[in-house]
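In order, the protein sequence lines correspond to chains A and B.
The first sequence begins at 70 in our numbering and counts up one residue at a time.
The second sequence begins at 70 in our numbering and counts up one residue at a time.
Since copy identity is lost for identical chains, a pair holds within one copy or between any two.
When the alpha-carbon atoms are kept at most 25 Å apart in a straight line, the in silico BS3-like pairs for lysine-lysine are as follows:
(1) Lys264 x Lys284
(2) Lys82 x Lys206
(3) Lys284 x Lys127
(4) Lys256 x Lys235
(5) Lys264 x Lys379
(6) Lys297 x Lys127
(7) Lys284 x Lys128
(8) Lys284 x Lys296
(9) Lys235 x Lys206
(10) Lys284 x Lys297
(11) Lys235 x Lys203
(12) Lys256 x Lys347
(13) Lys284 x Lys256
(14) Lys366 x Lys297
(15) Lys264 x Lys328
(16) Lys379 x Lys347
(17) Lys328 x Lys127
(18) Lys124 x Lys264
Source of the hints: derived by calculation from the structure; they are not laboratory data.
Please read all numbers here as calculations on a predicted model, not as lab measurements.
Spelled out from the first residue to the last, the chains are:
Number of protein chains: 2
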Amino acid sequence: MQITIEQTAERLKENNDFLLLTHMSPDGDTLGSAHALCRILQALGKNARVLTEGKIPKKFEYLSCAVTEQSFDEKYIVAIDIADEGLFPASAAQYKGRVDLCIDHHISNTHYSSEYCVENDAAACAEIVFKVIKALKADIDRTVANCLFTGLTTDTGCFRYSNVTKQTMNTAAQLIEIGCDSYMINKRMFEMNSKQRVAVEQMALESLRYYDGDKIAVMCVTLDMIKKSGVDEGELEGLAAIPRTIEGVAVGITVRQKKENVYKVSVRSDESVCCANKLCAIFGGGGHAAAGGCIFKDEPLELVIERLVKAAQDVLEPQER
Amino acid sequence: MQITIEQTAERLKENNDFLLLTHMSPDGDTLGSAHALCRILQALGKNARVLTEGKIPKKFEYLSCAVTEQSFDEKYIVAIDIADEGLFPASAAQYKGRVDLCIDHHISNTHYSSEYCVENDAAACAEIVFKVIKALKADIDRTVANCLFTGLTTDTGCFRYSNVTKQTMNTAAQLIEIGCDSYMINKRMFEMNSKQRVAVEQMALESLRYYDGDKIAVMCVTLDMIKKSGVDEGELEGLAAIPRTIEGVAVGITVRQKKENVYKVSVRSDESVCCANKLCAIFGGGGHAAAGGCIFKDEPLELVIERLVKAAQDVLEPQER
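The shape of chain A in the complex, shown without the other chains (with noise of 0.2 Å):
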């Protein structure tokens, strides 16, 4: 059942013993909010902490100081970020079918937990966290600050991205005001990259391809190019962005190969065609009409590509007619 964010407040005023679970292929925003929260639960005197897919990757270890690790048996599971229980990291495979609540943003969420938060105009789940916070009236210092503006910078692109609201700014204000470290960060998440990032990035670059002069730009990261670079996981977000970035490219599609025969595509689309979400559905996976994603499993590259393009081609046509 869906709940306001006054209620949502309560529930967590209510319980204690707090399990906070994040997406697989941990994100900014998932990271964030979650750091975020849980440190305003154990500020506010209750068990709390962060269930992530493995290490947090480099780039966001500095979210990982905000909270104070405890060991706890978890009563109450609040799923942060999480579209659907197929994002459940493997790590949080037993919660399937036992979340209390869900506080996220994704148009696509399932509503697969008990009660759920969603707010599909929040630019960022951290957005929305914020003001779960201010309803709490909990005090938010610059650690929480930083955690939450992690989350706003990162799912708008440093606030370029067309999800950006009245409000996703107006947060970023009053971050910014608390003394959040907003240059840092945004320096950290988006200007730096490793020696390695920057060869896989190379690699994927060389393998771009276009199709329907130049609508549809196709691009890999394969495990030989992870192997070869050098790469952590971790390193790999952003990667997925570039193909819409080129002019003209309606449909930008990166596919990541996660093991032998097993892609994960990120799809992402010009205001212009809004279809990522319907071209992802087709695949099985979901997402918003800027941002979607979907899993091919024993398939080859080569087929898999062939498919959505395929498929690009059928959602680009109708709209041209």
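Got chain A; can you put chain B on it based on the hints?
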């Protein structure tokens, strides 16, 4: 004399036949702020026009649609975002010593005008113009909002620089609420790369070489790469920044071939070394601590790189003892 936002609004109400000056090599802030104010003045029934250095750059062409061309004898001269008369474009030379009002945010403003409204804490001049327009109680439509947003986002590197404050974000929030097309503007300003630009970047990245435990990185852009990618010379700007953004790199060097055996070298150095100008001076070039340049003639690429790396090592070494 420094005057307040309210006094600035008063001057605009009292006067007519406005000429709004923008600075040489115009950027989004001088152009956006001037066009916003010009549209407002025209809407208030005044005569107003913007004076630019030649034709408005293509990237900013949409700003010119904000105003109506008007022909009149200018009576009140306003300089927008111009710190000093030395930054007047040639087209504005005749107005030196004759500026009635300057609206600016540069700490280096030399107070050359009769009256000035200079606020150093504003990240962009557009923040100040926004306040002036509010004080005028004029209606801010989408077009004005687009002009002001252009100023805001370009002068902050898309809200990324350390100059961003709560006021910057709040102004952006209000402009988004009015309906400015922040997505289109940011995309136009920061995201769009041509297919050719992406191709040449891939080739340049492939050429990256590291020295001295990765503290020095050298990237090449050859005539061959330019030809193969089909990139326009004007699109190569920005490439030179890449090597220095790699983690651990203190000196980033980009060698761009101009002709057979003629190389234009760009050096960027980290805040920990600050030696770009020192390094370039060795080869007859110059610049400032963070960024410098020099030219090599009649030497093959490999020798150019060898000499640059040797010099960079010499510049780095004493700092490590």
